[in-house]
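Chain order of the listed sequences is A and B.
Just so we're aligned: the first sequence equals residues 1 to 390 in the working numbering.
Just so we're aligned: the second sequence equals residues 1 to 405 in the working numbering.
Read the hints as simulated data drawn from the structure, not as lab findings.
If you're wondering where the values come from, they're calculated on a predicted model, not measured in any experiment.
The beta carbon of each residue, even a glycine, is placed where N, CA and C say it ideally should be.
Among the hints, erroneous ones may be present.
Said to hold, decoys possible - A short list of chain B residues far from chain A (calculated; beta carbon distances all over 10 Å):
(1) Gly16
(2) Arg19
(3) Ala42
(4) Gly84
(5) Ile203
(6) Asp278
(7) Leu292
(8) Arg378
(9) Ala392
Unchecked claim - Only pairs whose alpha carbons sit at most 20 Å apart, straight line, appear in this in silico SDA-like list of lysine to any residue:
(10) Lys267(A) to Leu95(B)
(11) Lys401(B) to Gln103(B)
(12) Lys401(B) to Leu95(B)
(13) Lys267(A) to Gln103(B)
(14) Lys359(A) to Pro382(A)
(15) Lys233(B) to Gln103(B)
(16) Lys356(A) to Gln49(A)
(17) Lys356(A) to Thr127(A)
(18) Lys267(A) to Arg384(B)
(19) Lys267(A) to Glu383(B)
(20) Lys401(B) to Trp232(B)
(21) Lys359(A) to Leu378(A)
(22) Lys267(A) to His180(B)
(23) Lys233(B) to Arg319(B)
(24) Lys356(A) to Asp14(A)
(25) Lys267(A) to Pro178(B)
(26) Lys267(A) to Arg393(B)
(27) Lys359(A) to Phe345(A)
(28) Lys401(B) to Pro178(B)
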Amino acid sequence: MSQATQENTAQAGDLLYGEAETELRDAVRSLLEDRCGWREVLARTETAQTYDTGLWRALAADLGCAGLLIPEAAGGAGASYREAAVVAEETGRAVAPVPFLGSAVVATAALLAAGDDELLTALAAGTTTAALAIPFAAGPGAGPPPTVRIGAQRPGESGYPLTGTVAGVADALPADVLLVPADGVPYGLYAVPARDPGVALAPVVSLDMTRQLADVTLNGAPGRRIASGEAAQQAAAAALTAGAAVLAAEQLGAAERILEITVAYLKERRQFGRPVGSFQALKHRVADVWVGVTQARAAARYAAACLAAGRPDAPLAVALAKAACSDIAVRAAQEAVQLHGGIGFTWEHPCHLYLKRAKSASIGFGTADRHRASLAVLADLPGPPGGAAG
Amino acid sequence: MSERAGAVVTADDLRGEVREFLAGHDPAAMDRLDFLRARFDAGLAWVHYPVGLGGRGLSRDLQPAVDAEFAAAGAPTNRPERNGIGLGMAAPTILAFGTAEQQHRWLRPLWTGEEIWCQLFSEPGAGSDLAGLATRAVRDPVTGDGGPWVVTGQKVWTSSAHLARRALLVARTDPDVPKHQGLTYFACDMTDPGVEVRPLRQITGEAEFNEVFLTDVVIPDADRIGAAGEGWKVATGTLMNERVAIGGGAAPREGGMIGSAAQAWREHPGLRTPGLHDRLLRLWAEAEVARLAGIRLRQQLAAGQPGPEGSAAKLVFARLNQEISEFETELLGPEALRYDDWSMRRPEGANFYGRGAGYRYLRARGNSIEGGTSEILRNIIAERVLGLPAEARVDTRVAWKDLPR
Numbered sequence: 001m002s003q004a005t006q007e008n009t010a011q012a013g014d015l016l017y018g019e020a021e022t023e024l025r026d027a028v029r030s031l032l033e034d035r036c037g038w039r040e041v042l043a044r045t046e047t048a049q050t051y052d053t054g055l056w057r058a059l060a061a062d063l064g065c066a067g068l069l070i071p072e073a074a075g076g077a078g079a080s081y082r083e084a085a086v087v088a089e090e091t092g093r094a095v096a097p098v099p100f101l102g103s104a105v106v107a108t109a110a111l112l113a114a115g116d117d118e119l120l121t122a123l124a125a126g127t128t129t130a131a132l133a134i135p136f137a138a139g140p141g142a143g144p145p146p147t148v149r150i151g152a153q154r155p156g157e158s159g160y161p162l163t164g165t166v167a168g169v170a171d172a173l174p175a176d177v178l179l180v181p182a183d184g185v186p187y188g189l190y191a192v193p194a195r196d197p198g199v200a201l202a203p204v205v206s207l208d209m210t211r212q213l214a215d216v217t218l219n220g221a222p223g224r225r226i227a228s229g230e231a232a233q234q235a236a237a238a239a240l241t242a243g244a245a246v247l248a249a250e251q252l253g254a255a256e257r258i259l260e261i262t263v264a265y266l267k268e269r270r271q272f273g274r275p276v277g278s279f280q281a282l283k284h285r286v287a288d289v290w291v292g293v294t295q296a297r298a299a300a301r302y303a304a305a306c307l308a309a310g311r312p313d314a315p316l317a318v319a320l321a322k323a324a325c326s327d328i329a330v331r332a333a334q335e336a337v338q339l340h341g342g343i344g345f346t347w348e349h350p351c352h353l354y355l356k357r358a359k360s361a362s363i364g365f366g367t368a369d370r371h372r373a374s375l376a377v378l379a380d381l382p383g384p385p386g387g388a389a390g
Numbered sequence: 001m002s003e004r005a006g007a008v009v010t011a012d013d014l015r016g017e018v019r020e021f022l023a024g025h026d027p028a029a030m031d032r033l034d035f036l037r038a039r040f041d042a043g044l045a046w047v048h049y050p051v052g053l054g055g056r057g058l059s060r061d062l063q064p065a066v067d068a069e070f071a072a073a074g075a076p077t078n079r080p081e082r083n084g085i086g087l088g089m090a091a092p093t094i095l096a097f098g099t100a101e102q103q104h105r106w107l108r109p110l111w112t113g114e115e116i117w118c119q120l121f122s123e124p125g126a127g128s129d130l131a132g133l134a135t136r137a138v139r140d141p142v143t144g145d146g147g148p149w150v151v152t153g154q155k156v157w158t159s160s161a162h163l164a165r166r167a168l169l170v171a172r173t174d175p176d177v178p179k180h181q182g183l184t185y186f187a188c189d190m191t192d193p194g195v196e197v198r199p200l201r202q203i204t205g206e207a208e209f210n211e212v213f214l215t216d217v218v219i220p221d222a223d224r225i226g227a228a229g230e231g232w233k234v235a236t237g238t239l240m241n242e243r244v245a246i247g248g249g250a251a252p253r254e255g256g257m258i259g260s261a262a263q264a265w266r267e268h269p270g271l272r273t274p275g276l277h278d279r280l281l282r283l284w285a286e287a288e289v290a291r292l293a294g295i296r297l298r299q300q301l302a303a304g305q306p307g308p309e310g311s312a313a314k315l316v317f318a319r320l321n322q323e324i325s326e327f328e329t330e331l332l333g334p335e336a337l338r339y340d341d342w343s344m345r346r347p348e349g350a351n352f353y354g355r356g357a358g359y360r361y362l363r364a365r366g367n368s369i370e371g372g373t374s375e376i377l378r379n380i381i382a383e384r385v386l387g388l389p390a391e392a393r394v395d396t397r398v399a400w401k402d403l404p405r
């Protein structure tokens, strides 16, 4: 290695998996393999309880995954986005119907930015689950303008009545607390008890039923203000950035697993008197997916490392990771359906779970295209003069 | 020069040794080659090589400290850019498969640059199917076993052949066995009167490569590398080094071809269109991710966890170079209709940055062909990394001489 290379390598941070990260991965994988096989996941999508709250309790409280990002002083593990990304790779592998992303990452990042220790302590214990009431398709940036309005404070009440609808929120269905950005004077981020009579959660028939969305309607529901003005904007933006980075890791895990399933099938399925995996036309397609996974892994690790260390390159790193991982997860799942042939198009095969998760996640927290578009500013690549693309 | 038994050698120790060496060998007062030979003999050439062969059996990571200390003193280098195949492929092959006598005879002049090496592998009839090659090596009928070999055939795509003193050569020594089993590996003396080198002009107008015609070239048995019939095993080792050498370069952000495209984009706002903008953002993101993947690969190697990801690097590098150079010609438009120079020249290697966008576009087409085509690399990934079964083949069990040609 030249001197310059060594410096570059150090600047990027550690892109490998550390020993503690590997131990965490093993524990999570073992739990998910035990309790979250694809047949159980598929069966649950056709029940009223699409989220597996029992599995979530085991992951959140018993394994401590709910408090990874929360400081030890607030009862958390004091870990970082590196560890959260490893857990997400595993929940992605298993297409697990748990609100890890929404509660332990997105809502937690908003609360960390807003500095709300009371809720953070409850989240860290794994006894309370929260969701940020922003459409899953929002991002990058601070999200769309709020669709919830603040009403006048009623005499004798400490909270503010909130009214309005947020459509297509991920991980809201199992949440105990909703974090709601609301407009009015002042603009703010409010904590609302999800079981309050003023809150209606309408389950959405979702493209991905392993992460079922909900339309959240508030009708004078009481909100406790946790941040206002600029601080509230920043909390929402931090949450969406964290969400995009960790969702990218989840997509990486899903891509890797569906590639494994596809390769195993190509070895076993025989046509024309030989395994179909011996045909170059198919080999080259899975080789290209594997290459894409190796690239996406570097991007996902870099994003996690940047967020963990608070590097100024984090916004660019997250944009790269979300773009790379969205593209490869969708491609891996689409190739899986095609390379499995007829069986891959059936309900009884896991391919569609990965396809729907991948496609839905590619829209979640900003499409690959929107994240690449943000590079126009982040990497100084402005669009045509006077054009809208700049 | 003796190693302190049991002590861990640090970069600082080596810097001290370099300063000690320089105190006794003033680069300003010495002949360049004498200086380089003395540096080799002091074990400061490549510290990861064994003691007695220019090194100290240390980690490769310690070499940059040694090089930097020599550079700071204004010492001459061995001009590694002139002997890429020698240093990158011949030396590791000789180290892994050569006899002690061959290592002592070849490695010093190779490292100092006195002897440039080239690679006589591909043939007009054996490109991706290298094991099918037809260049014949037969024992001199008079002397028989133990005597010299006589080689006849044609090789192609040989860079540096016109500069080289020696070549890595694979030839067929037994046509009566299946093709992978009948090959033998040699070091060929390029000054033999039976060696004829002709420039091979490429689509860029210049000739980086050569055709090499071998007619009754005599190679002493002492220059055979590995046993007769073991040539495929040795060649496979050489090719793995080639892929690492081609795909592995690390650079800063925008250090590769994307830097030239991004610069052109920033300098010419009037040439921007929405469609090109989308392509640029896509290419920039992919190039930056590929760079991060290269950094990750290096971290894996440094941590002693070499993974198969290296085989992905060359595939991605080739595709991106092609797409980025295509993009750049379209961005530049009318300017890309002019080409800087079609004249037949003999550059020492590809130079992407000293030339125009048209040159970059044309030269990049070779990136997915040289050093293993992208299709062969995909086969390697599918079979060796993913473990998919090999394609049904008709050519691996019959004698080479009976294969249809």
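Cross-check of the supplied hints:
Against the 10 Å criterion, glycine 16(B) stays outside the reach of chain A, whose nearest CB is about 18 Å from its own CB. Consistency note on arginine 19(B): stated as away from chain A, and its beta-carbon is indeed over 10 Å from all of that chain's, at 18 Å minimum. Look at alanine 42(B): its CB is around 22 Å from the nearest CB on chain A, clear of 10 Å, so calling it non-interface holds up. Non-interface status of glycine 84(B) relative to chain A is upheld: no Cβ of that chain comes within 10 Å, the nearest being about 15 Å off.
Residue placement check: isoleucine 203(B) keeps its beta carbon more than 10 Å from all beta carbons of chain A (closest about 25 Å). Its closest Cβ contact with chain A, about 8 Å, brings aspartate 278(B) to no more than 10 Å, contrary to its assignment away from the interface. For leucine 292(B), the requirement that its beta carbon stay farther than 10 Å from each beta carbon of chain A is not met, with the minimum near 4 Å. Not every Cβ of chain A is farther than 10 Å from the Cβ of arginine 378(B); the closest lies at roughly 4 Å, contradicting the non-interface assignment.
Separation of alanine 392(B) from chain A is inadequate, the least Cβ-Cβ distance of about 6 Å not exceeding the 10 Å criterion. A C-alpha spacing of about 38 Å is found between lysine 267(A) and leucine 95(B), which places the hinted pair above 20 Å, so the restraint is violated. Proximity of lysine 401(B) to glutamine 103(B) is assessed by CA-CA distance (about 34 Å); at most 20 Å being required, the pair is judged violated. For the hint pairing lysine 401(B) with leucine 95(B), the CA-to-CA distance comes to about 32 Å; that exceeds 20 Å, so the pair is violated.
This hinted pair does not check out: lysine 267(A) and glutamine 103(B) have alpha carbons roughly 44 Å apart, beyond 20 Å. Distance restraint check for lysine 359(A) and proline 382(A): the Cα-Cα separation of roughly 29 Å exceeds the 20 Å cut-off, and the hinted pair is therefore not satisfied. Pair hint lysine 233(B) plus glutamine 103(B) holds up; C-alpha atoms about 19 Å apart against a cutoff of 20 Å. With a C-alpha separation of about 18 Å, the suggested pairing of lysine 356(A) with glutamine 49(A) holds against the 20 Å cut-off.
A distance of roughly 29 Å separates the Cα atoms of lysine 356(A) and threonine 127(A); the hinted pair therefore is violated under the 20 Å criterion. Distance restraint check for lysine 267(A) and arginine 384(B): the Cα-Cα separation of roughly 13 Å lies within the 20 Å cut-off, and the hinted pair is therefore satisfied. For a cut-off of 20 Å, the pair hint linking lysine 267(A) to glutamate 383(B) stands: about 11 Å separates their Cα positions. Our distance criterion of 20 Å between C-alpha atoms is met by lysine 401(B) and tryptophan 232(B), whose separation comes to about 17 Å.
Restraint check: the Cα-Cα separation between lysine 359(A) and leucine 378(A) comes to about 26 Å, which exceeds 20 Å; the hinted pair is violated. Simply put, lysine 267(A) and histidine 180(B) have alpha-carbon atoms about 26 Å apart, too far for the 20 Å limit, and the pair is violated. With a C-alpha separation of about 29 Å, the suggested pair lysine 233(B) and arginine 319(B) falls outside the 20 Å cut-off, and the hint is violated. Taking the CA atoms of lysine 356(A) and aspartate 14(A), the gap is about 32 Å. The hint is violated against a cut of 20 Å.
Under the criterion of a C-alpha separation no larger than 20 Å, the hint pairing lysine 267(A) with proline 178(B) is inconsistent with the structure, at around 27 Å. Of the pairs offered as hints, the one joining lysine 267(A) and arginine 393(B) holds, with about 17 Å between alpha carbons and a cut-off of 20 Å not exceeded. With a C-alpha separation of about 16 Å, the suggested pair lysine 359(A) and phenylalanine 345(A) falls inside the 20 Å cut-off, and the hint holds. For a cut-off of 20 Å, the pair hint linking lysine 401(B) to proline 178(B) stands: about 8 Å separates their Cα positions.
Hints 6, 7, 8, 9, 10, 11, 12, 13, 14, 17, 21, 22, 23, 24 and 25, counting from the list given before, are not met by this structure.
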